[in-house]
Every structure is written in C-alpha cells, then in structure tokens.
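**Q** Chain by chain, the residues run as shown.
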Amino acid sequence: MTEKSISSQKQTFVTASRQGDLLLVFLLLACMLILTCYRLRVYFQVTVVEVSVIRVAPDGGQERLPTPKQFRRMPIAVQPPPVVLDVLERRIRTYMDSSSLLSEAEPGTRFKWLIRYAFNSIHLDSQRVLLFKTDEPH
Amino acid sequence: MNRTDHSSFNRLEQFLFAPVDPAYAAVFRIALAAMLAVVFWPYEGMGLVLGVYRVPALPYLYKHIFLAMPYWLLILAVLTFFGAGFSPRVLGFLLVALLLPLVFLIGRQPSRQILLFTLVFFSLLRSDARLSLRWGRQGPQPVTTGPMWPIRLIQLQLSVVYGVNALAKTTPEYLSGQILMGMSKMLPNFLVNLSDGYLHLGPLAIPVTILAIASVITEYTLAIGFWFPRLRIATAVLGVSFHIVLRFIIKIGMLDWTSMFLYLVFLLPFDRPFNQQFPEKKYNQDSNPNYLPRSYT
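Residue numbers (the working numbering), protein chains in the order written: chain Y, 1 to 138; chain B, 1 to 297.
Fair warning: there could be bad hints in the mix.
[Said to hold, decoys possible] Here are the in silico distance ranges between beta carbons for each label pair: (1) B:Pro56 x Y:Thr67: 33 to 39 Å; (2) B:Pro207 x Y:Gln19: 51 to 57 Å; (3) B:His64 x Y:Arg39: 47 to 53 Å; (4) Y:Thr15 x B:His6: 21 to 27 Å; (5) B:Tyr60 x Y:Ser17: 40 to 46 Å; (6) B:Pro56 x Y:Ala30: 27 to 33 Å; (7) Y:Pro107 x B:Pro188: 53 to 59 Å; (8) Y:Arg90 x B:His200: 45 to 51 Å; (9) B:His6 x Y:Ser17: 20 to 26 Å; (10) Y:Pro107 x B:Leu58: 41 to 47 Å; (11) B:Leu74 x Y:Ala16: 45 to 51 Å; (12) B:Phe93 x Y:Arg72: 41 to 47 Å; (13) B:Ile217 x Y:Phe26: 27 to 33 Å.
[What the hints assert, rightly or not] Here are some of the chain Y residues that sit facing chain B, going by a computed Cβ distance under 7 Å: (14) Thr12; (15) Val14; (16) Val25; (17) Met32; (18) Leu40; (19) Ile92; (20) Tyr95; (21) Ile122.
What the hints contain is simulated information worked out from the structure, not anything from laboratory work.
Every residue, glycine too, gets a C-beta built ideally from N, C-alpha and C.
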C-alpha cells in the first residue's frame, strides 16, 4: 500500500471531499453565528417601569389607587422601551375595558395612568401618561 | 511549504478532520436523545410566539398538529430509535424537521435552538458504529464515525453562547449593577431583591456591581476556558458552580441545564489521533499523534 493511499484512507469526510466538508463547515458556522448572536443573548438589558393609577374627581381632588399586580413585574421588561410601552399600554386599555373602574365612577371622573420608565437604569427619568374619562354629565 | 506551515496545517487537519471515536459518539447520541426529550417535552404555560399569528395557516397547524398528542408521541418514538442508534443520521434529520416548529413556542426558546443546532451538527456523523440497534438492516456496521468538525461546531456553539452574552453585558450600565437592580425589580423570575444595590446573604451584603463584574468575567472564562485541554475540568467546575449559584438568584428555565449538558462535547475525548485509526501501520518513528506523511499535502 502506498503512502498516498494510506493517507487518503485515514480521512473520513461528511461529504465526498475535503472541499465539500470545508464549504459545509463555513455554511453551518455562518447560519449558527447569525442566529445565535442575536437570539441567544439573555438578561443583558431591562426597561424599568413604575406604573401608578390616580383617580381625579370632578372637583379636582386626586386619590392614588393601588397599582394592579400585573403591572408591577413583567417578563416583557427584558425588551427595549418601545416594545414594553406598547405592550403595557395595550394591557392597561384592556384592564380599563374589563374592570368596573370607569362604570362605577362618578361622571366626570378621570383615571390617570402614570408610567415612569428608564432603559438600563433604575433612575426613572421618562414618563408617559394615559388618561381615561368617564362620560361627562349631561 | 516550510516546517512551521506544515505543522500548523497538520494541527488544523487534526482539529477538523481527526476521526471521531465511535464509542463516545454513541454515548453522546444517547445523552442527546434524553436531553432533547426533556427540553422539548410539553409543559404548562406553553404558547405560540406572536410572529406565528402573522401567517394565517400557522395557528391552525400548531393547534391541530404540532401541539397535538400524536405529534409528541411520534417525536418520542423517533427519539427512542435515534437514541438506540437505529439509522441515527436519517432519524437525526427527521427529528430536526419534527422539532423545528417547536422552537417557536414561548419559553425554552434559547435552549431549544441550541439543542436543535446540536442535533443538526451531530446528525452529520455516523454514530451507529457502537451501541446501536440494527434490526433488519443489511450491510456491515460502519467502521468510521466521521470527522471531528461537526463536534467542533457544537463546541464552538457553546463558546458563542457564553461569548455573546458576555459581550452583550460588557456595558457600563450592566457592570455598574444598574441592570441587575432593574431586573430584580421588574422580572417575576428573579428570586432576590437587589434594588438597594446589594445582595444580602445573611450578615454579608455584596455590592451588585461586584456580582455583575463577576458574572461577566465568568462568562468570558467559560467561553474561552474549554478550548485549553488543561483547563477543561476547572472550567466545567466553574460553569457548574456558576449555574448553581444562578439558580438561587434567577429562574431561567432549561438554558443552564442545556449549557451544562454541552460541557460533554469538551469533556468526552471524541477525537482520536489519525494514526490510532490504523494501528497495524506505524506512520511515525517518534509516535507523534499529529504526524502526517508528507504526501498528505
């Protein structure tokens, strides 16, 4: 058996050749890197949010209500602020539609939802306000 | 080609194309089948990611096929045969097709993605040379398992997972501890309260910034350490300790188990030097395992 034939026997390839294998290595590596680098980063950012609900009576008197539990801790907080605020706003609207807050309040009452937030910081220096009004008295 | 080039080339050849030890490939195949069953098995609270709802037919397919019990039983059956070594290449790729839709379920997404890539890479090998069923199969049992490079890709994936996480956390906000404090306040799966800037362990109060820096250094070490054979055991011990400590701080589903499972690809001695495959022929007088005859180039 010649040296050349021995060395070729020693090799095992997934495809028929070394070139084919190397091409496959780089293709698979590229796919893995593209998908891994973006999707597999975990717990590296946070949007800190503090939600408070204030009832404003028709005479202007304000009362702070307890924040519903589902707005205190949220798994979605690992996303950046636009995503978190979008989801949060939708949940607040759903909550107001399904709760009895508006229907049981005196006409002219407003509910102010104050969302204070910050990205990657616990200093909440930005805010957004959502206002819900009961029907005005006729 | 000079002597140095030749030596580097040989090392690269050994790194990518050294034959995989059939016994360890079989052991890993069985372990991978078991791990896939654990990570992909349905659990309470499973749901579809929002993107699925954008394609009209997909929710229907998920409801009536992918999330139906017969589909899971089919996966379990294929996994059993794969683990038993019955045509592992064919069944491996069949499993990839069957498991792919389940990567898009809420929860365990990272661990499912990692294991799916592992399955793709591993299925390129003939892992049925040892510990395998051969019911009704014709022809001789395969002698070789294949080259090392699919195993190298699995190893690289583990390093990339730790590496990208370490890089993503190498920011002033994370290293100052602000992000950990914010997460402990916001995330329901955080088990400790760090909002005052300290981790309280009995009489000890560890500043969060030290925790943040330590976790990033650990992740860099885990990304690199496994590539040095002498540091492998120490790196694995560090990794296991890191994930055990994390379990007291945050509940992160299966990702830590999946990462620790992949330590096997570094700890099992998969690669056999070229000249061990043909023990009857001695290639080199000084028994250098990296030796290749000149005609090889």
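**Q** Could you check the structure against the hints above and give me the numbers of any it violates, in ascending order?
**A** Hints 3, 7, 8, 11, 19 and 20 not satisfied by this model.
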